[in-house]
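Chemist: Protein sequence lines, in the order shown, are assigned to chains A and B.
If you're matching positions, the first sequence starts at 3 in this note's numbering and goes up one per residue.
If you're matching positions, the second sequence starts at 855 in this note's numbering and goes up one per residue.
Among these hints, one or two may not hold up.
Here are the simulated SDA-like cross-link-like pairs (lysine to any residue), alpha carbons at most 25 angstroms apart as the crow flies [claimed, not checked]:
(1) LYS59/A with SER861/B
(2) LYS887/B with MET91/A
(3) LYS1090/B with PHE19/A
(4) LYS1159/B with GLU1179/B
(5) LYS1303/B with GLU1212/B
(6) LYS1090/B with ASN6/A
(7) LYS59/A with VAL924/B
(8) LYS90/A with ILE931/B
(9) LYS1090/B with LEU909/B
(10) LYS887/B with ARG87/A
(11) LYS1267/B with ILE1189/B
(12) LYS1187/B with SER94/A
(13) LYS59/A with ALA1038/B
(14) LYS1267/B with ARG1250/B
(15) LYS1112/B with PHE19/A
(16) LYS93/A with ILE1226/B
(17) LYS59/A with ARG967/B
(18) LYS59/A with ALA920/B
(19) LYS887/B with THR939/B
(20) LYS93/A with VAL1170/B
(21) LYS917/B with THR61/A
(22) LYS1112/B with PRO30/A
(23) LYS59/A with TYR863/B
(24) LYS59/A with VAL864/B
(25) LYS90/A with VAL1170/B
(26) LYS59/A with LEU1041/B
(27) LYS1090/B with ARG26/A
(28) LYS90/A with LEU933/B
(29) LYS1090/B with VAL53/A
(30) LYS1187/B with ASP1234/B
(31) LYS1186/B with ILE1221/B
(32) LYS90/A with TRP894/B
(33) LYS93/A with SER885/B
Hint data in this document are derived by calculation from the structure and do not stem from the laboratory.
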Amino acid sequence: MGDNLIDSLFIFMLACFIGFEVIRHVSPLLHTPLMSLTNALDAIAVIGAIVMVGERKSTFATVLGTIAIVAATSNVVGGFFITDRMLKMFKSSRPNK
Amino acid sequence: MNQFAGSQYVIEAIYLIASALFIFSLKWMSSPKTARHGIWAGEIGMLLAIAGTLLHHGIIDYKWIAVGLVLGSGIGIPLGMVQMTAVPQRTALSHAFGALCVTLVGTAEFYLRTPNVPRFMMSVLSMEVILGGLTFTGSLMAAGKLQEILPQRPITYKGQNLVNFLLFGVAVVSAVYLVLHPEASYLFPLILGISVVFGVLLVIPIGGADMPTVISLLNGYAGLSAAAMGFVLQNKLLIIAGALDGSSGLILSVIMSKAMNRSFTNVLFGAFGQVQAAASGGAEAKPVHSATAEESAAILSAANKVVIVPGYGMAVAQAQHKVRELYDILTKKGIDVRFAIHPVAGRMPGHMNVLLAEADIPYDRLIEMDEINGDFPQTDVALVIGANDVTNPAARSDQSSPIFGMPILDVDKAHTVMVIKRGMSPGFAGIDNPLYYLDNTLMLFGDAKQFVGAIVRELSGGH
Chain A
3 MGDNLIDSLF IFMLACFIGF EVIRHVSPLL HTPLMSLTNA LDAIAVIGAI
53 VMVGERKSTF ATVLGTIAIV AATSNVVGGF FITDRMLKMF KSSRPNK
Chain B
855 MNQFAGSQYV IEAIYLIASA LFIFSLKWMS SPKTARHGIW AGEIGMLLAI
905 AGTLLHHGII DYKWIAVGLV LGSGIGIPLG MVQMTAVPQR TALSHAFGAL
955 CVTLVGTAEF YLRTPNVPRF MMSVLSMEVI LGGLTFTGSL MAAGKLQEIL
1005 PQRPITYKGQ NLVNFLLFGV AVVSAVYLVL HPEASYLFPL ILGISVVFGV
1055 LLVIPIGGAD MPTVISLLNG YAGLSAAAMG FVLQNKLLII AGALDGSSGL
1105 ILSVIMSKAM NRSFTNVLFG AFGQVQAAAS GGAEAKPVHS ATAEESAAIL
1155 SAANKVVIVP GYGMAVAQAQ HKVRELYDIL TKKGIDVRFA IHPVAGRMPG
1205 HMNVLLAEAD IPYDRLIEMD EINGDFPQTD VALVIGANDV TNPAARSDQS
1255 SPIFGMPILD VDKAHTVMVI KRGMSPGFAG IDNPLYYLDN TLMLFGDAKQ
1305 FVGAIVRELS GGH
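The shape of chain B in the complex, shown without the other chains (with noise of 0.2 angstroms):
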């Protein structure tokens, strides 16, 4: 018996020094100096801890244990390698496989305890089981529809809302009862099963550009799942991570719809897509200056300051490379270049930042909207690659505009503007654009990549 408290204590004393390197490791990551520093950190903390469990003395068979972790190691160093455009589908993924682990940790604990299961310990049971399992649906729905294996419209029926309060409202009922009578564990499959659709119907009419937000709070709720099964385990160093990352998954979410000027409630039960048909009508013959590569190449070697604003479609184009040789050259030239990042510019918090580092931009050119937006009137060219939305300025000056009030570049503000796009569709939200209309601006349609290509190699002979 003493042995097995020794041992104990041991573990106890690993879980603490892991708690505190995964916080190091968080701090770490403020600035992109130490941030790998935070790596380290929170892999020495992940093994000690893991190195730690296998000396618990409850444990008496190791087979299974093995063959979890190594085919775990074996799935995800596929997933460590995916290329940097498919990171939010491969973070969405990993939400789920997190949400999975938990849910089923938290059925086979029902299992194994009822029906003598602690009032306290049902109700953050229940809490693990709900969270963890429409995180799970949610987060594979999300996956499916950044992968586009799913359509990325957002899917929307009459009397949607009500369906899905009663449906979750019957899920914290249930929960509720279990609680109070333990003995009715026929009602643990109804709850995760509805928390399970509940996910699916959660994440269906979510479009595309919703997707920075969703990622975030379903990284939250990944994050207090994990912490509700700290409870029910009444394991500290399980509660601290998983308070960390739900903070941090909340903290993202709140930035995201900050960043498009909009309520949590507003992008769960909001579908965007459904004010589009009242937006888009009577804007169609409208007249656009457009230009060619060799025009704009002038334009740009003219220029003593360029502000490029890369969106979704520079990563739908993979056009990054060729951007980066853009900045190359313009740099060369001695033009002052820089790069003005949206928030929620991409599919998920910092996409783009992450994608211009890997086409070898260096990170101090990549500037916060906040920070750019007031030097737009002394740019001498605002280069729009693939972003829509983000620019949009109805969102200052339209009222009537469902995207009214969501800040923005204020690229309009630039002498110049030219814009990279495949045609005049609508982005994402399915909003018309009139920063297209304006006489300071040049439309330049083709691909991105290609388009791109097609002025480097004007600015490289042309001199």
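Same shape as in the complex, but just chain A (with noise of 0.2 angstroms):
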């Protein structure tokens, strides 16, 4: 448990870097279009969701766990969707010069 918390914590800290150093070179062009993309991959939290709700282990836990599954499927679609929309009006004026 003791290890694990270490490990967690190592792994959190390497993300924020690896966050940092990425987001900071996002291009503000698409600011919007990285936020939604964000979100997207940040209901990946759907995974507990569905383990706990898999899991079965009260009533209380599953009707909790299926709300949190159709909000996260939710992002998960949604986000992926206006994303990739987003991006396809992104042109440049120089192939059609």
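Build the complex from these two chains, which are given one at a time in their own frames, with help from the hints.
Modeler: Shown next as structure tokens:
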């Protein structure tokens, strides 16, 4: 348990650094799609809800978990969908000139 | 038992791949050329992770999982099809959904484990629920304000900050007590309840112009709460995804608050609207120069370099497609037309870029503030459409102005400034704009869409 905790903290710290480095290089042009994309990725929380619902430990957990799956899945589907729609619109003037 | 362990290794391997794909996904967002690969990487990572999770040996019943996935997809599709002008409120709503998921799982996890919750787990669990709860209601409030279901003006009252601090303090103290005394499970609903109320109180005093910062901040909180959930569930993929999302939200909110020359605390506890009474008094009857569409068309066609400055007003008037026609017709005449994008123009980071891209304006014509500011003295016409505070020269010179120090687009340095505006009312921040009274400024009074349309008609008929 203790080791797991330390491992997790290391992972968290490293992921934050990677996040800062990667996001810093995102063009300000794309800040809106960036936000909808990170939103979709963040909805990976759905996997926690899936396990909770699947284990059926209590009715309470199953009910809350199912609502959680609905909420997160709508972010996954909606988030990727709208990010894709946005990015399709970004065109350069160079190719058609 | 061996078989179980085996499937666990497969799942961990899949999560490892998904983590790498998520990082690639964000990395490819660095340029519009590779950005769509980024979506594919994200989608594949997500599909793998969900499919892998379904292999989890503890899962004995798939019925409600399937119900949740199907219902969620059913809600997600229309949410992915909203108009581009509605993207800010959609984004706020999706932060609310993400936070809802995290909060519900955290709550259920607590009641499954109580009263035997180890201290460390209880502390991350409280963080998960506090951040999740306040992000849920805070984002709903933000979405309501953006959708104009709720008033956009800041709502403030005496002692607001004190009330907020006290409430938040009670939640944190209760959480600490619960960590030390896990049997005090009656505190959990209190912590959850306060977080939910706190989210509402946090966003109530925030006005429309501050929305880009607030949305980014809520984005960051949503990510951090997901990372906390990863700690609770000992799920490394979740920790990584949450950390990525959290750092993204925090970086964006730093960029946004810098672009408004304000600190985080100032955005959250400052309630911008309070200063307006002092600032807008005595600025009533100064003369302005106005022009008709015909005159503006003549000036534009005589120009060599034109910079268009779009703001939220352009989005409200749905004028972006007319602006595209204007761009086309001027470009055909050999005039160099570019767009100057202020970081906080619009209601969320990058909002203007998306609206203009939707109207088919090439992205290499959209120029960031720092890059274009030096070009204004060589610009013949700066055409301001629905932007106000981000062009206010008082931010450079008037120390008494509430926006003093905020980086602005130096449109006043252009040879001619044209401002399309409905009337002389001040902007969202309620601050008078001296730009309108300059000798080189022409006010074009009218609806942005109609006025740009009228200019386009003059330009296409007039040669």
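Chemist: If a hint holds in the structure, say so; if it doesn't, say that too.
Modeler: Cross-check of the supplied hints:
no.	hint	verdict
1	LYS59/A with SER861/B	holds (21 angstroms)
2	LYS887/B with MET91/A	holds (12 angstroms)
3	LYS1090/B with PHE19/A	holds (15 angstroms)
4	LYS1159/B with GLU1179/B	holds (17 angstroms)
5	LYS1303/B with GLU1212/B	holds (16 angstroms)
6	LYS1090/B with ASN6/A	holds (10 angstroms)
7	LYS59/A with VAL924/B	holds (22 angstroms)
8	LYS90/A with ILE931/B	holds (17 angstroms)
9	LYS1090/B with LEU909/B	holds (17 angstroms)
10	LYS887/B with ARG87/A	holds (14 angstroms)
11	LYS1267/B with ILE1189/B	holds (19 angstroms)
12	LYS1187/B with SER94/A	holds (20 angstroms)
13	LYS59/A with ALA1038/B	holds (22 angstroms)
14	LYS1267/B with ARG1250/B	holds (12 angstroms)
15	LYS1112/B with PHE19/A	holds (21 angstroms)
16	LYS93/A with ILE1226/B	holds (20 angstroms)
17	LYS59/A with ARG967/B	holds (11 angstroms)
18	LYS59/A with ALA920/B	holds (17 angstroms)
19	LYS887/B with THR939/B	holds (23 angstroms)
20	LYS93/A with VAL1170/B	holds (23 angstroms)
21	LYS917/B with THR61/A	holds (13 angstroms)
22	LYS1112/B with PRO30/A	holds (14 angstroms)
23	LYS59/A with TYR863/B	holds (23 angstroms)
24	LYS59/A with VAL864/B	holds (24 angstroms)
25	LYS90/A with VAL1170/B	holds (23 angstroms)
26	LYS59/A with LEU1041/B	holds (23 angstroms)
27	LYS1090/B with ARG26/A	holds (23 angstroms)
28	LYS90/A with LEU933/B	holds (17 angstroms)
29	LYS1090/B with VAL53/A	holds (15 angstroms)
30	LYS1187/B with ASP1234/B	holds (15 angstroms)
31	LYS1186/B with ILE1221/B	holds (20 angstroms)
32	LYS90/A with TRP894/B	holds (13 angstroms)
33	LYS93/A with SER885/B	holds (12 angstroms)
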